Amino acid sequence: MSMRFVDEYRSGDVAKRLAAQIEELVEPGRKYKVMEVCGGHTHSIYQHGVEDLLPPEIELVHGPGCPVCVIPMGRQDDAIAIAERPEVIFTTFGDMMRVPASNGSLLDAKSRGADVRMVYSPLDALKIARDNPARQVVFFAIGFETTTPSTAVTLLRARAEGIRNFSLFANHVTIIPAIRAILDSPDLRLDGFIGPGHVATVIGTRPFRFIARDWGRPVVVSGFEPLDVLQGVHMVLTQLRDGRSEVENQYSRVVRDEGNPAAMKAIGQTMELRTTFEWRGLGFISQSALKLREEFADWDAEVIYEVPGVRVADPKACQCGEVLKGVIKPWECKVFGTACTPEHPIGTCMVSSEGACAAYFNYGRHAGRRRRKEAPAPA
Amino acid sequence: MSERPARTEEEVLDAIELRRRRPVRKLLDDRITLSHGAGGKATHTLVEALFLAELRNPLLETLGDSAVFEVGAGGPRLAFSTDSYVVHPLFFPGGDIGELAVNGTVNDLAMSGARPLHLSAGFIIEEGFPIPDLQRVVASMGAAARAANVAIVTGDTKVVERGKADGLYVNTAGVGVIERDLDLSPAAVRAGDRVLVSGTLGDHGTAVMIARGDLELEVDLESDTASLAGLTADLLDAAGDGVRCLRDPTRGGLATVLAELALETELCIIIDETALPITPSVHGACEILGLYPLYIANEGKLAAIVAPEAADSALAALRSHPLGQDAAIVAEVIDDPDAPGLVLLETAIGGSRVVDMLAGDPLPRIC
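Sequence lines, in order, name chains A and B. Going by numbering that gives the first Met the number 0, the first residue of the first sequence is number 0, and it counts up by one from there. Going by numbering that gives the first Met the number 0, the first residue of the second sequence is number 0, and it counts up by one from there.
Do not rely on the hints blindly, as some may be mistaken.
[As the list claims (entries may be wrong)] Listed next, with one range per pair, are the computed distances between beta-carbon atoms:
no., chain 1, residue 1, chain 2, residue 2, range
1, B, Arg211, A, Gly267, 32 to 38 Å
2, B, Glu263, A, Gly267, 55 to 61 Å
3, A, Gln20, B, Arg211, 41 to 47 Å
4, B, Ala52, A, Asn102, 24 to 30 Å
5, A, Asn102, B, Gln324, 51 to 57 Å
6, B, Glu8, A, Ala316, 16 to 22 Å
[Said to hold, decoys possible] Among chain B residues calculated to face chain A with C-beta under 7 Å, some are:
no., residue
7, Glu8
8, Leu12
9, Ile15
10, Arg19
11, Lys40
12, Ile333
13, Pro336
14, Thr346
15, Ala347
16, Ile348
17, Gly349
18, Val353
What the hints contain is simulated information worked out from the structure, not anything from laboratory work. The model shown is predicted, which means the values in this text are computed figures rather than measured ones. Even for Gly, the Cβ is constructed at its ideal location relative to N, Cα and C.
All chains, please: the whole structure from these sequences, using the hints.
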């Protein structure tokens, strides 16, 4: 990895040129709402202050693609129930440790004595299993198609190596049903989409075609550097100006239209669709998540451990659902910044670095104020 | 059905800022979690709502790296500081826990403008710990003390049962004497001041995280652990009264140090992202791990808040010292009525964002 590669996509001069080109595409009097589906984009937009470069007519709407955000309270309770078993070493991505459940977070469970460890990949969890043959190691598998292949590969490796003290608590979700749910939602009028670049590296660009075909909305699958996002916005606006709605690939340096067949094969070998799965704030969405195939039952934490499996209603005050659908802005939630803060989050969107609330609170909360102040008064 | 928001965006933002700037009085948690040790907001809350509340006194109240006090009226001014070291692994590229323990306390003293004199060392050792490793740690403490021109003059040893400590923990405390007629403190910071850092950011924290070996990343990185006593003396010689305040950005990194300063001074600090000295290795590793060098610990770097007219001479003094060759002016203090007590970062692409204290991510033990 070289620094130049990264810096090329963060050039101030190129950003200014792109911003000027975007401004030229704005039709007088027209407002644009463009949704970035993926939490990785949301994070990048706030981290680099991308909105500062966009004309006020363009609003970026944050979408549902934040893996931590969509895990419902009941599943988090199940995770903690597994983690609190004395024989278990519970492994998880760092973000999940702070997600509030009915009785505190995994970090709280850890402080009460549960053996909870942060890992960067499921293969790290498998290594912990190898190193601790007397313990049961469970990996909290979450994420969209981006992280699913590494879970699948880990599972295949565990079986090949005959590692029996390792299992997965599978919570993998798929992005397309969530996008459908948003398009079906009557509350929102969107002009186009910045498509999720990382998911598309796995599933390709074709699964997004229905958005362009059936809903007449442009989709530009984009990378995660600030210039990628700016170029994605530029391509969406160009389609709108030309009256086109297509799936375009801004992230062609990484994304192939057919995706990654090997990754898809590993997923298909190990996992299958659940009939339905609950998403935080969005409710049950049919065929929107994956579970382990029956032949992997020996590595399936849901089969091995009795979990409460109870559906727990989201806290009443929490409006993560509306935030995830892009219906409200983070600051419009009633508890934003008062009862719900990054130190004491109520909702998942305030926990994950990819959550719209956390990104706005931590990075974005001041830039908007400045923009509003500097904006010319309406004539 | 979504009802109309009850508050405007400006009202929401004002409420957040007001709350952020109010002193912390209440600890909401009922158990210690790793967040309380991460150096961010949770640590801040614990220190203010528990330690400061129970132990309050004028010297502690400043919550500086050292307490500074006069011995008798007109007597010498001393600086007094302590720090504990729980780094894992104990040995890492560029240093070990012993060297860290000496340099850390020496640097805390130096940041108050003191010449470090004497240190104490306390060892909490786990049953079964290899004596050759202890020997290695203590020898490196000796070498670090000689290099920093201090002596370890008192100490303590405790052994705990196997499983009750992670090999070895070290505590050091130190005293130094302030021989210069200056008062380095956030109260001296003014709008227009510049923020200098003495070199590349995030080297120590990144090196230790990689050395833990659970990331399977192979990056050529070394901890920057070093005594800052000499560098600080050179800086104060060159820029004198122009130096308002010094900090060593250890746990929580430069971001946390500046966020604390902004809060204390009620001023706004604007960081120029393109001016931040960061090595390609740290930059790359942090990109992969989703971390920001601004928040990563340094163990041999200082941040100096300097009057604008002294900024160039301060920069020159830092750069002419072997430990300060990559020094840079990275931020400016301004008086922005819209952003009092806030740190903002101007990004490379020309946007801006807030730089706050971390809300308490459970980062691994790195110091």
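Taking the hints in turn, this is what the structure says about them:
Range check, B:Arg211 to A:Gly267: about 35 Å between beta-carbon atoms, so the 32 to 38 Å window is met. Range check, B:Glu263 to A:Gly267: Cβ separation about 57 Å, and the 55 to 61 Å hint holds. Evaluation of the 41 to 47 Å hint for A:Gln20 and B:Arg211 yields a pass: the beta carbon distance comes to about 45 Å. Taking the beta carbon of each, B:Ala52 and A:Asn102 are about 27 Å apart, inside 24 to 30 Å as hinted.
A beta carbon spacing of about 52 Å between A:Asn102 and B:Gln324 agrees with the range 51 to 57 Å that was offered as a hint. About 19 Å separates the C-beta atoms of B:Glu8 and A:Ala316, a value consistent with the hinted range of 16 to 22 Å. For B:Glu8, the suggested interface contact is upheld, since its CB lies about 5 Å from the closest CB of chain A, less than 7 Å. The beta carbon of B:Leu12 is positioned within 7 Å of a beta carbon in chain A (closest approach about 6 Å), and the interface hint is therefore held.
Taking 7 Å as the C-beta cut-off, the interface hint given for B:Ile15 holds, the closest approach to chain A being about 4 Å. Below 7 Å, beta-carbon pairs count as interface contacts, and B:Arg19 has none with chain A, the closest being about 9 Å; its hint is therefore violated. Because the beta carbon of B:Lys40 sits about 5 Å from the nearest beta carbon in chain A, less than 7 Å, this interface hint is met. Taking 7 Å as the C-beta contact cut-off toward chain A, the hint placing B:Ile333 at the interface is violated, the least distance being around 13 Å.
The beta carbon of B:Pro336 comes no nearer than 11 Å to any beta carbon in chain A, farther than 7 Å, and the hint placing it at the interface is violated. Among the interface hints, the one on B:Thr346 holds; its C-beta lies about 5 Å from the nearest C-beta in chain A, closer than the 7 Å criterion. Hint status for B:Ala347: holds, given a least beta-carbon distance of 4 Å to chain A, under 7 Å. Given the 7 Å rule on beta carbons, the hint for B:Ile348 holds: about 4 Å separates it from the nearest Cβ of chain A.
With its C-beta approaching chain A no nearer than about 5 Å, B:Gly349 sits inside the 7 Å limit, and its interface hint holds. The criterion of a C-beta within 7 Å of any C-beta in chain A is met by B:Val353, whose closest approach is roughly 5 Å, and the hint holds.
Hint compliance for this structure: hints 10, 12 and 13 are broken, all remaining hints hold.
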